[in-house]
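Use these hints to put chain P onto chain U, whose structure you have.
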Amino acid sequence: MIPKSFYYKIGVIVIVLICMNYLYKYTYYEKDIQTHSEVINGVRKVVKDSCEVVYVGESSNTNCREDDIDKRSISAFIGDYYPTLRVGDITKPAAHAEIFYLLLKNIPESSAVKTVIVTLNLRSFDANWIYSSLEPQIQKYAVFLRGYPPLVGRFLLAFKGYDNRSEAELEKMYKHEWKTIELKVPFPLKNKTVKEWDRAMFHEGMKNPDGSKNYKLTELACHYIKTYAFQIDTVKNPRIKDFDNIVMLARERNWNLIFNFMAENTEKAQELIGDELIFLIKQNRDLLVKRYHRNGVLVVDNLECVPNNQYTDTTWTTEHYAERGRKIVARNVADSLKRFYPNHFF
Amino acid sequence: MLFNSIEFLLFFPIVTLLFFLLPHNYRWMHLLVASCIFYMFFIPQYIFILFTTIIIDYLAAIWIEKSDEIKKKRYLIISIISTCLVLFVFKYFDFFNHNMLALSHRFDFYYPEKMIQFILPIGLSFHTFQSLSYVIEVYRGNQRAEKHFGIYSLYVMFYPQLVTGPIERPQNLLVQLRQEKPFQYSNLIEGLRLVLFGLFLKMVIADNLGVYVDQIYSKPESFSSLSILNGLLFYSFQIYCDFFGYSSIAIGCAKAMGYNLMDNFRNPYLSSSIGEFWHRWHISLSTWFRDYVYLSLGGSRVKIHRWAINILVVFILSGLWHGANWTFVIWGLTHGVLLIVEGLVNRVFKTQKDKGQNTIRKIFNTIKTFVIVSFTWVLFRATDFTQVKLIVKSLIRNISVSDDFSVDPKIWLFLLFFITLDSVLLNNRFDVWCNKRHLTFRWSLYIAMILMIIVFSNVDNFPFIYFQF
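So the protein lines, in turn, are chains U and P. Throughout, the working numbering is defined as the position within the first sequence, counted from one, plus 1233. Mapping the second sequence onto the working numbering, position 438 (from 1) lands on 427, and the numbers just tick up by one.
So that you can see chain U by itself, here it is in the shape it has in the complex (with noise of 0.2 Å):
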């Protein structure tokens, strides 16, 4: 049988771990929070600043061309519109809805923050990135932004008590997605999975001039397909429930809410791929504008409005724009800012 004494033990552990959990928030616990999630500076620049207006997004916002003579992020030229009023960012790299809602409710009520710009990318409802082999590492950082207290979150750190599958298995989901899932659309499409698109696209390949197979335009049209050959389900995509939590967080906030839209190239994918793909793209887009401007949201639609030069990367799909596309996706979200800040536009 277990003695009484087991009993004891145990509550003495458990006071022990209480007082072991101040012991920790006021030694070590700041020092983690700077290696394992120092994105939280972000938030706590924008309190401390009094920010009233706040970009956040990821890689997008501050990366930028060499020749571009403003290096500034977006959320700086939107800044520029208003000169009259704080505009703050906070920016990590490879961050999705599940992170900036985690940053978003870090925020402390009592701050001075009133709108909101949250980053809506596409590229991330798509099943490479959903299961993409930063996700550990991304999930890792989010255990600090979760609240817990102290003690337990540097716990759960230890014991790996994050979302923590190995690249094998992530490559196994999203090819899974890729093999399975078919492309419902309104009208012939030969390869009904993004497998069989792709595989069509490698073999039939891209032609240079003189007829020969360009590989490397061949690898790139065979990304462009595995980037954006989906169709987001409502119900499954965890990114539609993070973007809903950030609007309902925006609700108990009473935050003026904009989703900026991303620019993807279209251009280069139309180029590539086609009308079928392109068909794809505008669908998510015309999906997720819908639901959310129901939802009460500002929805800046810059899906189209970055032409194929403005992208920094040329072998890859990302949302990486030179000065010039920075500043018109800026423009455009500047201008949905004046719905909310009439006065302060300049």
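In short, the hints are calculated from the structure, not lab data. Worth double-checking, as some hints may not be accurate.
[What the hints assert, rightly or not] Calculated pairs, BS3-like style, for lysine-lysine (alpha carbon to alpha carbon, straight line, at most 27 Å):
(1) U:LYS1469 to U:LYS1417
(2) P:LYS103 to U:LYS1408
(3) U:LYS1373 to U:LYS1338
(4) P:LYS103 to U:LYS1405
(5) P:LYS170 to U:LYS1242
(6) U:LYS1501 to U:LYS1523
(7) U:LYS1469 to U:LYS1408
(8) U:LYS1393 to P:LYS399
(9) P:LYS399 to U:LYS1373
(10) U:LYS1258 to P:LYS399
(11) P:LYS357 to P:LYS382
(12) U:LYS1242 to P:LYS425
(13) U:LYS1373 to U:LYS1469
(14) U:LYS1425 to U:LYS1440
(15) U:LYS1237 to P:LYS170
(16) P:LYS399 to U:LYS1264
(17) P:LYS425 to U:LYS1237
[Said to hold, decoys possible] Covered by chain U, according to a simulated footprint, are these stretches of chain P (three or more residues, beta-carbon under 8 Å):
(18) -10 to 2
(19) 430 to 444
Heads up, the beta-carbon is just placed ideally off N, CA and C, and yes, glycines get one too.
This is chain P only, laid out in the frame that chain U set:
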């Protein structure tokens, strides 16, 4: 499932609680299902490979028991070959092909280039050896063949020691699996102590040292000799704490349910000779090789040259058991040669007897053994001979090189804490040693360990080193 994961922290208490709630007759089933779940957390389909080995050896043992001498031997050979074939296909096939291919280029003959590139089923070498020990013991008449397929499967799959041992013998584990295990508070407490100790070794010591070891091994040429020495020292403790940690957790989990598994480590770095080291390091494997290979070859009761060959065979096989790579083979061979030299020196100078009497000599020999073992770990840790050469070359040449290798002082404190604890334990197991300590001291130690595990454990992914075997 990893022992140092949140899943296991939920799995272990649930399995243990259900074990005691269920009547004895159903416990084997419960443990078998739990073991399958535990194993299937890695690569689920590999459970079929495990069951292939189980079925082969289960049937072989029954036939061996029923048969006459000639048939008995035939069944044993069939069983050993088929069990080892599974191991060969998954672990050694590519290694074999790779070497055959190299030979074909060297001696100009045709060899088809065919690599399988399977992911090695986790713990394959461990449960293959455990399964083999059962068939051999049945053949030798030391163990009755187990008729109950479920119990036998559980013997091979018993979750605490399924993936990296200790490699059990049927006389110990199989017998216990049939015994009724009533709940005993002392078992539970001792088991939990071992789990805590194991987690501390793995998460606080091994994983934190691993960061520095990886740094050194990734680019040895850019580090000074002193830093490389530091890396070698750290690796000695990393591998020890990693494996000792796993074994302690395994023994602790089994102990909580009342099962006693064999000890795998007994202060190996306090050994004063290579021979003694092998009596204290990975005991379940060393004794396996002693019982089933070394003694079968004649052991030491043969002529001296034959004895030397026996030693070499055992250690080369031991090296190969660890991994399908020549570095492991040479690592094993080096230990074999060292053991032979040590044996010969002992024979000539008869130093064995007075060894324990001279403290200074003992300390000197202990340090010497530790240094030798630490250097041989280079062969174990390196991915290939190029890396070995690079380490050795950098160690010799980079005396005056300056680098930015710096160790967090906390790491030294943890290491010091562990060395002190390991020395204090001296031939005792942590759970038993704790029994003799005062309540206040014991609890202070537990709390310190829990705090260190939570606050100071490394958060990067460092799989248990022996998982790869």
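Inset, instruction - Please work out if LYS103 (chain P) and LYS1405 (chain U) have their alpha carbons no farther apart than 27 Å. - result: holds (24 Å)
Inset, instruction - Please count how many residues of the stretch 430 to 444 of chain P have a CB within 8 Å of a CB from chain U and say whether that reaches 3. - result: Since 7 is at least three, the answer is holds.
Inset, instruction - Take a quick look at whether LYS103 (chain P) and LYS1408 (chain U) sit within 27 Å of each other, Cα to Cα. - result: holds (26 Å)
Legend entry - 27 Å Cα cutoff - pair LYS1242 (chain U), LYS425 (chain P): Holds. LYS1242 (chain U) to LYS425 (chain P) sits at ~18 Å (cutoff 27 Å).
Inset, instruction - For the pair supplied as a hint, LYS399 (chain P) and LYS1373 (chain U), confirm whether the alpha-carbon distance does not exceed 27 Å. - result: holds (23 Å)
Legend entry - Distance restraint between LYS357 (chain P) and LYS382 (chain P), which requires alpha-carbon spacing of 27 Å or less: Given pair LYS357 (chain P), LYS382 (chain P) holds - Cα atoms ~22 Å apart, limit 27 Å.
Inset, instruction - Would you check the hint for LYS1501 (chain U) and LYS1523 (chain U), treating anything up to 27 Å between C-alpha atoms as holding? - result: holds (25 Å)
Inset, instruction - Take a quick look at whether LYS1469 (chain U) and LYS1408 (chain U) sit within 27 Å of each other, Cα to Cα. - result: holds (17 Å)
Inset, instruction - Count residues of the stretch -10 to 2 of chain P with a Cβ under 8 Å from any Cβ of chain U, then say if the count reaches three. - result: Since three or more residues must qualify, the claim that chain U covers the stretch -10 to 2 of chain P holds, with 5 doing so at under 8 Å.
Legend entry - Straight-line alpha-carbon gap LYS399 (chain P) to LYS1264 (chain U), limit 27 Å: This hinted pair holds, its Cα atoms lying about 14 Å apart.
Legend entry - Proposed proximity, LYS1440 (chain U) with LYS1425 (chain U) (alpha carbon, max 27 Å): Holds, because 23 Å separates the two Cα atoms, which is no more than 27 Å.
Inset, instruction - Would you mind confirming whether the straight-line C-alpha gap from LYS1237 (chain U) to LYS170 (chain P) stays at or under 27 Å? - result: holds (22 Å)
Hint violations for this structure: none, all hints satisfied.
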